[in-house]
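Asker: Residue-level listing of the chains:
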Amino acid sequence: MSVDERRLGELVEESEDLQSDALRNARPALDETVDLAHERGRHDLDESRRFAHESRGLISRGVMGGGALAAAGFGGALLTLMARPAFADQSMDVQMLQTAASIENLAVATYTAALGLPFASSLPKVVQTFVTTTRQQHTDHAKAFNAAVTQLGGKAQDQPDPVLLDVVNKAKPGLTGPGPLVDLAIQLETGAAETYVADVGAYSDTNARKLTASIMGVEAQHVAVLNAVKALLSAGHPEWITLPPPVAQLPAAAGSVGFPDTFIKTDQARPASEGAVK
Amino acid sequence: MSAPHHNDPIQISEGELTAMTAELEERHQESLPKMRAALDEWAELRNGLRAGVDGLTSAAATRRGFLLGAGIALGGVALAACGGSSGSSKKKSGGTTRSTVAGGASQKLTGDLAVVALAAALENTAVATYQAGIDAATAGKLGTVPPAVVTFAQTAQTQHKAHADAWNAALAQAGKAKVTGVDLTVKNGVVDPAFAKVTDVAGLATLALQLENVAAATYLSGIGAISDPGGIKTAASIQPVEMQHAAILNFVLGQYPAPDTFAKTDGARTTTDQIG
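Chains X and D, in that order, are what the protein sequence lines are.
Note that the numbering used here has the first sequence beginning at 601, numbered continuously upward.
Note that the numbering used here has the second sequence beginning at 46, numbered continuously upward.
In short, the hints are calculated from the structure, not lab data.
Please read these numbers as outputs of a predicted model, since none were measured by experiment.
It is possible that some hints are incorrect.
[To be verified] Here are the computed lysine-lysine pairs in the DSBU-like style, where the Cα-Cα straight-line distance is at most 30 Å:
1. X:LYS830 - D:LYS206
2. D:LYS186 - D:LYS206
3. D:LYS206 - X:LYS865
4. D:LYS221 - X:LYS865
5. X:LYS865 - D:LYS223
Hey, can you work out the whole structure from these sequences and the hints?
Answerer: Okay, structure coming up:
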């Protein structure tokens with residue numbers, strides 16, 4: 601393994617500094633949310649219903665399906681999380697934010713569980729760092745979404761998205777090595793990114809939109825990294841998963857595998873109310 | 046950019062490469078219908094858009110003047126400060142402003158359409174910069190260029206072309222001229238001086254990262270500023286792609302690929318930029 605541990609440590613520290621900076625940048629948007637809360641009455645309910653209807657249609661086509669994997673627990677972190685049905689009387693913005701928080705909660709729990717898998721310690725160091733850092737980013741995303749929820753008068757969501765939780769539970773028996781784990785992470789991150797892209801086009805609250813927009817690209821970056829990792833694992837070269845990678849040795853296709861979509865799609869977006877608080 | 050040498054090590058089979066490339070093309074094609082749907086929304090709304098521009102100004106005023114506010118603070122040369130996302134800039138976020146911009150040879154655009162023209166110009170700038178990089182590599186000015194870098198540059202350039210096409214389709218549907226020029230403020234202030242110093246792949250990747258970060262920041266700023274639903278959806282479908290480009294470039298440069306917990310608007314371009 602050609603990982604430069606010291607450099608990796610520096611990068612993690614640098615990343616933490618950036619996260620602190622980013623959190624400070626997110627707060628003004630949340631403050632403005634309070635001012636805009638009174639504008640919720642202007643919300644176009646027809647548009648919201650149309651959005652919800654479209655999202656339900658996506659689900660009916662079976663996106664994010666977990667296949668035929670048997671349902672099973674995924675460690676204590678997930679078993680403690682319970683699904684709750686949507687609260688239909690809340691504003692669509694609040695429901696979307698709660699669903700976003702529920703997706704983040706599930707991501708945090710999943711990455712936490714991943715670190716406890718038997719093969720976790722044998723993952724490339726860069727991947728281990730990615731899991732730890734990404735878990736923290738999702739933790740911060742959940743806090744930000746819940747802060748926006750409460751500032752709009754809603755109840756914070758501390759539970760996971762129930763449908764995605766089922767996907768994760770069904771995937772658990774197959775998580776016997778890095779490949780399936782990366783596939784599951786790609787599925788969750790893609791679902792998050794696409795949900796937020798869809799939500800950004802549906803919010804009536806400008807600051808909820810801005811907050812979500814500031815997160816969707818980060819989830820897309822997670823997808824890009826995971827796709828690159830998957831390609832290198834599939835090529836049988838986990839030793840190339842270093843920072844930086846041995847660029848000269850990489851196959852040509854590795855140069856584009858991280859960003860397969862010219863425009864981010866929304867066919868894996870979660871319905872607006874799926875993770876809303878009861 | 047030069048084609049991969051035959052003696053370069055390719056560690057996966059040609060069949061796998063072909064399959065991966067075919068899958069990429071398929072996904073590219075799959076993403077286009079969604080884009081067309083968003084553009085159709087633009088067409089449906091274009092009449093209202095013209096009438097709505099005046100209303101946008103008053104609506105913006107109810108939002109603490111955000112839309113007309115912070116963006117101007119970031120002038121042309123501020124782009125340089127936003128360069129590598131590994132930096133820990135403390136600058137305030139920018140915003141995409143609603144002033145007039147030259148969208149074509151002679152047209153003046155305002156409101157959402159000015160932002161659209163800016164987006165098209167930035168995409169054109171990215172396309173031109175990648176092309177300059179490819180040309181330099183082909184001429185042997187960047188030393189040995191790894192095959193993966195070739196693929197990255199070609200694919201990213203293709204995607205930026207598609208993004209520019211999307212924005213120009215929106216302009217065309219609104220009865221405006223397409224933007225075929227680049228963001229001259231960025232080109233003259235940043236790209237040209239930086240490119241003159243590029244001597245290797247790492248230097249080119251650093252410049253590309255700078256442009257990708259600027260594009261992503263501008264889209265993020267624009268999402269908070271524009272009002273047209275079709276425009277918001279289009280920007281939302283593109284911004285994460287630019288951030289993915291940045292992630293891979295960070296990775297190649299040995300920097301953490303997803304350094305920001307929340308995407309920033311630092312370095313976002315404004316509609317005061319000169320286009321031509």
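Asker: Could you run down the list of hints and mark each one as holding or not?
Answerer: A quick look at each hint next to the structure:
Annotation: proposed proximity of LYS830 of chain X to LYS206 of chain D holds, straight-line Cα distance about 27 Å (limit 30 Å). Straight-line distance between C-alpha atoms of LYS186 of chain D and LYS206 of chain D comes to about 24 Å, which keeps the hinted pair within the 30 Å bound. Restraint check: the Cα-Cα separation between LYS206 of chain D and LYS865 of chain X comes to about 18 Å, which is no more than 30 Å; the hinted pair holds. Pair hint LYS221 of chain D plus LYS865 of chain X holds up; C-alpha atoms about 27 Å apart against a cutoff of 30 Å.
Between LYS865 of chain X and LYS223 of chain D, the direct Cα distance comes to roughly 25 Å. Compliance with the 30 Å bound is thereby established for this hinted pair.
Every hint from the earlier list agrees with this structure, and none is contradicted.
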